[in-house]
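Student: Sequence lines, in order, name chains A and B. Residue numbers for the first sequence follow my numbering, beginning at 32 and rising by one. Residue numbers for the second sequence follow my numbering, beginning at 311 and rising by one.
Since the hints were derived computationally from the structure, they do not count as laboratory data. The reader is advised that the hints may include incorrect statements.
To be verified - Keeping only pairs whose Cα atoms sit at most 27 Å apart, straight-line, the calculated DSSO-like set for lysine-lysine is:
id : chain 1 : residue 1 : chain 2 : residue 2
1  : A       : 100       : A       : 50
2  : B       : 411       : A       : 89
3  : B       : 456       : A       : 50
4  : B       : 411       : A       : 50
5  : B       : 395       : B       : 429
6  : B       : 615       : B       : 593
7  : B       : 411       : B       : 429
8  : B       : 509       : A       : 41
9  : B       : 411       : A       : 41
10 : B       : 509       : B       : 411
What the hints assert, rightly or not - Chain A side only, calculated, beta carbon under 8 Å to chain B, not exhaustive:
id : residue
11 : 48
12 : 51
13 : 52
14 : 55
15 : 58
16 : 59
17 : 62
From the three backbone atoms N, C-alpha and C, an ideal C-beta is built for every residue, glycine too.
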Amino acid sequence: MILKEKLLNKINMLREIEKRLDPLFGKYISSALFFSKLKSQDREEVKEYFFERVKACKAHMEVLESIAKELSESKDNVY
Amino acid sequence: MIELIKKKAGLFKGLLIFLFISILVYSLTRAVFIYYADYVPLEKILAVIFFLAESFVMLHAFGYFLSIYNLSRKKKELAQPPELKGFPPVAILIPARHEPKKVLEETLATVYNLNYPNKTIYLLDDSTQEKYRQEAEALVSAYGAKLFRRSQRHGAKAGIINDCLKTLDDIYVAIFDADQNPLPDFLTRLVPFLESDPKLAFIQTPQFYSNLESSKIAFGSNMQQSVFYEYVCEGKSSNQSMICCGTNVVLRRQALVDVGGFDEATVTEDFATSFRMHLKGWKSLYYNHVHTFGMGPENLGEYFKQQNRWALGNVGVLRLIVKQFFRHPLSLKPAQWFEYFITGSYYLIGWAYLSLVICPIMYIFFNIPSFFMNPVVYGFTFFPYLLLSLAIFYASMSGRHYTVSQIFRGQMLAFISLPVYIRASFFGFIGAKGVFQVTAKDGSKSIPYYNLWPQIFLWVVALIAISWGLQKFAYDWSTASFFNAAWVGYHFALLSGIFYFNELDIPLAYRKRLLKKAAFEYRIIEAGRNFLDKPPGKLRVCFSVYLSEKIEPGTLLMCKAKLPEETATAVFDGEVLWRGKRSVWHRKYKTSICVVTVSDKDRKLLLKAIRK
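Make a model of the complete structure from these sequences and hints.
Tutor: The structure is reproduced here in structure tokens:
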């Protein structure tokens, strides 16, 4: 069992991690691709995968946001 | 390339032997010519200095090629040991002093994100300014890390790690500099190696700069690092002489305690500590997979500061190595001694560069020869070495996907650091301790050119020497004039790097105007699908906007813009880098802006637009 405040903190933390790491790792992948010598088509493919990942991360953030909203509006204090 | 090297191990061995013979033949011929040449003492002294400089470069080149050969002998890639059954405790140490909050936060977030369950994060905060102390406290509380501070400051980074070590009982210690961001599997990949070999003191991974697209210095610096991390480290690892690089490393706490912690007497504590560990019979390993991304120095000042620290520390440790060698020559294997000597002496390269620059100039201006050799003999003895070494070097680096132009930029950056290397190695040689200075990560600033007078002076002299030398050649058709002028030309090209690397971020002519008119510079973090081919961070644009809300550097905001080379309007999510007053200008990306928003609601709407 966990208290509402603690759970909310954890969820906010996860949101923060998603928010920060997504552009950060995107930047790193881009730097690594710079030296990859992949053909432009392959490079585009990698970027396409990356774009999907970015979308997944954003979706995670939205899910976490909705959970946090639901929790904060709920009257229960223990989960 | 590695596969090619392994397949062609016999060929590489043959080339290496041929290279060794060519170095030997050239050196012996040079020595004989110097000894028997009928010249005055001053000329002979100059000739000996020149010969020593050449020998130094050849020795280090040979060390590099030996690393490639060692790599070719490796039967297979480093096998990943079996997966962990349990997770031994790991303390993650992040030493920091006056680090920008954003840099520190990114590191804490990535470390928090490591998928290793039994970890404790320690922020070793050595800041004295209240602002940074408060930021550190807020960050550790947000990321569930532990804050470590000390009452008495000693030994800089090594000192605070040692102080913290006394309070730990974890089996392993991972160290990350404040600007190094590990990938999630960093520990799960590395800890099994340490678990499978109890004599393994540490496992080191490479450094990779992620800001190489936005900074020429970081790019050049990354190229230099690449030469070291791609082959040299692999060679060292196979000779049991891989050194700890102070970050992106996991150490066995027991090994650290065994050598009395990190060496606090030097500014390159990692190098000195590795040496002590090897002396005590501990082993080390290099894992050549990028598992951490970081930021390289973004301006010449920071780069020189970093190189100064490394040169000062390494030459200081070289004293220790030489002393130990004469006292206890059997305490390490010959290959280990060779590797340590090569690493410790690398930064004496500044003296070698200086000699190589000055001697041809002396010949052109004053007819003082330092190269007593018949041009035909020179051609037959020197060119095999030169061509072979260049071919192997560029082939090995291009095998790892580096282009000639990229490698040359790395060489230029090393060459223009010659005054820094000379000064630092001199102080290192006389035993000056130096002060540990952190490499700043908060944007680029150029150095005033009057502070770069040694490089500029050499550049100007080289320029005059080229024209003088060519004029001489046109007059006397002497091959000596031609060769000397050609060498000066090569050095001149390398020295020109001072203008390439010290370029102002904003062109000088427009700088004043920009400060008055530009609104802000903007770095794109995420762009719409049609802009995905532009690497984030590469495209920097100045936008013309009238803002009702206050915008500070670091603010995330969304823009809709049409750039000159594109036909469609695109949406960007990005970060403000710098703020001016209003209006806009940018030479390359002269553009107009349709929408700028900072409100959360609008950002969400525009994010949806991006995804569509």
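Student: Take the hints in turn and mark each one as holding or not.
Tutor: Hints, one by one, checked against the model:
no. : hint          : result
1   : 100/A x 50/A  : holds (17 Å)
2   : 411/B x 89/A  : holds (24 Å)
3   : 456/B x 50/A  : holds (23 Å)
4   : 411/B x 50/A  : holds (16 Å)
5   : 395/B x 429/B : holds (16 Å)
6   : 615/B x 593/B : violated (31 Å)
7   : 411/B x 429/B : holds (23 Å)
8   : 509/B x 41/A  : violated (39 Å)
9   : 411/B x 41/A  : holds (21 Å)
10  : 509/B x 411/B : violated (38 Å)
11  : 48            : holds (6 Å)
12  : 51            : holds (5 Å)
13  : 52            : holds (6 Å)
14  : 55            : holds (6 Å)
15  : 58            : holds (5 Å)
16  : 59            : holds (4 Å)
17  : 62            : holds (4 Å)
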